[in-house]
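Using the sequences and the accompanying hints, generate a full structural model.
Residue numbers (numbering that gives the first Met the number 0), protein chains in the order written: chain P, 0 to 348; chain C, 0 to 288; chain Z, 0 to 238.
A hint or two may mislead.
As the list claims (entries may be wrong) - Not the full set, but computed from the structure, chain C residues with beta-carbon under 10 Å of chain P:
1) Phe82
2) Val86
3) Met105
Don't read these hints as lab results, they were simulated from the structure.
In this text, all values refer to a predicted model and were calculated from it rather than measured experimentally.
Note that beta-carbon positions come from the ideal geometry of N, C-alpha and C, so glycine has one too.
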Amino acid sequence: MNKTILKALIGLIVLAALLAVPRYVDSPYALHMMILLFLSVSQGQSWNILGGYAGQHSVGHAAYFGVGAYTTMMLMHAKQVVPWVGVWAGMAAVVVVALIIGSICFRLRGPYFVLASIAVAEIMRLSAINLTTLTNGAEGILATEIPAFKIGETVVTEFLTKVPFYYIGLFLALLTIAVTYWVQHSKLGYYFQAIREDQDAAHSLGIHIAVYKNIGLVISAVLTSLAGSFYGIYVGFVDPPTVLGLDVSVQIMLICIIGGMGTLWGPVLGSLILVPLSEALRSNMITDLLVKIGLVSVDSKVGVFLKENLAHAHVLLYGILVVLVILFMPDGLMGFVKKLAARRHREAV
Amino acid sequence: MAVFLQSLISGVLIGGVYALIGIGLTLIFGVMRVVNFGHGDIMMVGMYLTYLLFTLMGVDPFVSVLISFPLMFLFGGFLQKVFINRVLNAVAQNQILLTIGLGLIMSNTVMLIFTSDYKILTTSYSSSTIQAGGGVSISTPLLISFLITAAITAALGWFLMKTDTGQAIRATAQDRDAAQLMGINVSRMSVIAFGLGAALAGTAGALISPTYYIFPQVGGTFTLKAFVITVLGGMGSVVGATLGGILIGVTESMSAVYISSGWKDVVVFVLFLLVLLFKPSGLMGKSRT
Amino acid sequence: MAILEIKNVSKFFGGLAANSNVSFSVEEGTIMGLIGPNGAGKTTLFNCITGYYPPSKGEVLFDGRRMNGLQPDKVCKLGMVRTWQKVRPLAKLSVVDNVMVGALARTSSLKTAREMAMEQLKVVRMEHRADFLAGGLPIGERKKLEVARALATQPKLLLLDEVMGGLNPAESEEIIGLILDIKKHGLTQMVIEHDMKAIMRISDRIVVLTSGEKLTEGTPQEVVSNQDVIDAYLGESHA
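Have a look at this one:
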């Protein structure tokens with residue numbers, strides 16, 4: 000069978016299965032996990048466009064995630080604006096922020112760019128803490144009542160179960176994958192990669208560096224903002240550390256580093272590893288497992304310690320993963336897989 | 000006027016400690032061309048070390064510098080040998096990510112051990128002040144830490160200028176390949192430089208622990224501040240870092256008084272962006288050609 | 000007709016003059032050689048012409064248009080493109096993708112760009128390398144890739160910065176053939192080269208730079224018999 004047809008077929012089957020999940024799965028927990036997975040894919044994929052393809056390693060993507068989340072939540076909380084409308088306001092706000100950041104940060108290269116991106120995200124976080132009248136400061140915004148979307152008297156959407164969130168999350172993940180695919184297969188993708196590989200060479204070949212970096216940033220920021228809005232509405236709560244903290248930026252970046260930057264499926268692979276792992280830690284699954292197989296007893300000091308602390312250890316895990324990946328597979332899992340495949344290919348030949 | 004003088008003086012005093020963090024970062028950057036994003040977390044480790052020495056053994060925070068400086072030096076040397084050394088020739092992004100990862104490991108390991116509660120180290124002199132006349136009072140712990148900072152900076156200057164090892168470090172910073180050709184053990188100099196950088200950061204942590212909250216995530220802001228300081232002073236310049244530290248200290252304390260304490264860090268970061276934008280080689284650095 | 004005119008171009012770095020008062024012009028369809036000892040300011044002049052540095056003084060006219068202050072991307076769009084002394088392959092992209100990036104300066108269609116790129120790869124005889132990673136090529140092929148990528152931008156003037164540097168005699172010979180082929184297609188070229196024999200063979204005219212200034216200009220025969228040039232070069236080899 001033709002390879003492309005095979006790929007398309009697998010894609011269709013996976014898509015059909017994903018669409019069918021809510022019909023057959025009732026467990027809110029399972030749906031919740033899937034939603035987290037979709038969220039992670041869309042976060043990673045959005046970063047990938049700027050960081051992976053254009054090579055601009057932003058460590059400040061929390062700025063876009065947080066501004067999107069905050070804008071939508073503030074509008075919903077204060078003015079009962081339907082999220083369907085609010086997300087557009089979020090995206091508009093993020094475009095403004097991104098263009099300001101772009102005009103400052105893109106004059107800088109390498110570590111200076113990274114520093115500037117962190118500084119901007121920190122300015123956003125501190126502003127969210129200090130602009131209490133708008134953002135409710137450090138307490139954050141709690142808004143679990145999502146106004147129903149009505150046209151006339153007909154209710155178009157209501158968010159009563161996790162199912163609508165599931166489909167929106169799926170759509171978001173597919174959208175970001177599609178955008179990445181489109182970028183990869185267009186002039187834009189070639190120009191991004193040329194800038195990543197060698198900025199001076201790219202410049203000499205007729206590429207307007209600042210324009211293309213800003214295009215990459217805006218695409219990436221808008222998609223990140225969508226993910227942020229989605230997160231805010233789904234969780235029903237935003238506060239400065241959870242949507243604007245440095246951890247958020249690192250986590251977004253990590254999805255791509257682990258999976259493989261600048262590849263279409265890297266962020267998906269990264270999410271498939273990161274989401275279950277951090278969930279296993281958060282829900283104490285690992286401690287339970289250790290107890291179950293008899294390695295640790297519940298009442299022992301170690302058992303109590305693990306039970307109490309491992310749930311907070313997912314960021315520690317991020318740190319360990321970053322270090323291991325950078326030292327041992329700097330091209331991420333996709334790079335690692337490709338290398339293995341190439342080796343096998345060479346041995347076969 | 001008294002308010003102005005008061006905030007100027009406390010700005011200079013705290014700026015001295017910032018300078019220590021900045022000097023460590025700039026030393027590491029100078030010798031290895033690695034930007035250490037885990038620098039603030041190393042400082043945080045120094046804070047907890049001081050906290051432990053104080054609560055378990057009753058060692059005064061300022062005296063504990065004598066213990067924490069060599070310990071942090073070894074810790075830094077260990078980090079360099081085991082981790083940083085492997086990415087010296089890697090692309091800058093990978094170096095940055097590695098140090099971010101190390102920082103996360105440090106802060107979250109500390110959080111697992113000590114929880115994320117704020118700790119306060121209360122000494123007999125924590126809130127004592129010296130009246131300097133004209134309504135201006137100087138915080139005793141800040142003054143002591145400034146004096147220790149000045150002594151350490153002077154000692155470091157002497158070490159770098161007058162000793163063989165110091166000169167070898169400076170040669171390595173100037174031109175790594177040439178230094179290697181001249182028979183300087185470049186990789187040893189890197190270990191020493193990272194050790195010194197960590198020791199300086201750890202000392203800064205010890206010095207501010209009587210006046211600052213101690214918590215696992217305290218490092219992040221300090222990493223950023225250390226960058227702001229080194230960028231202001233020109234990457235790789237020890238004198239620049241000292242001046243940069245004092246400038247940031249003063250900016251902070253002034254904006255805390257005249258704007259609000261909630262916005263003081265924002266002022267610093269905005270200043271940082273402006274410098275990056277208009278004078279990327281630093282206020283004290285030569286202009287780029 | 001002169002396609003490129005350099006008028007009294009100077010470039011200062013701090014107080015140091017890397018180029019001072021350089022003037023000459025390049026006739027359409029010819030090859031202009033640019034020679035001079037190390038540090039004579041050849042690459043700086045290239046950088047001034049292609050927009051990497053704005054000249055401190057003087058004017059660069061291309062096709063009658065003043066180029067001062069234009070950025071390299073604009074310079075490329077107007078038809079002037081350079082290669083790099085220290086090659087700059089887009090390492091993680093394939094050879095054909097590298098050349099496509101050049102071609103995309105003239106089209107937005109990937110399909111057209113790929114066709115254009117394959118054409119240029121044929122010119123440099125590297126079609127068989129199309130799908131190799133550029134970062135893995137040996138130096139000789141990297142140099143040819145630079146040329147193909149530059150040609151793909153469809154320039155009117157090609158500036159080659161030491162394309163033969165570091166190559167063995169056979170590889171250099173191939174590049175010489177390539178440069179002469181390109182000339183047959185009517186493309187104007189300006190070539191920086193260290194290998195005197197090679198530059199004598201390919202150039203129609205030669206400009207000699209020493210310590211940033213133009214020492215002399217003329218046909219290869221005039222230049223080799225010029226006493227100042229002989230002194231400058233002997234001076235270099237004795238130093």
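Return the status of the interface hint for C/Phe82: holds when the least beta-carbon distance to chain P is below 10 Å, violated otherwise.
-> Check passed: Cβ of C/Phe82 comes within 7 Å of chain P, closer than 10 Å.
Hold the hint about C/Met105 up to the distance rule: shortest CB distance to chain P must be less than 10 Å.
-> holds (8 Å)
Minimum beta-carbon distance criterion (10 Å), C/Val86 to chain P | Holds, about 7 Å.
Comparing the model with each numbered hint stated earlier shows that all of them hold.
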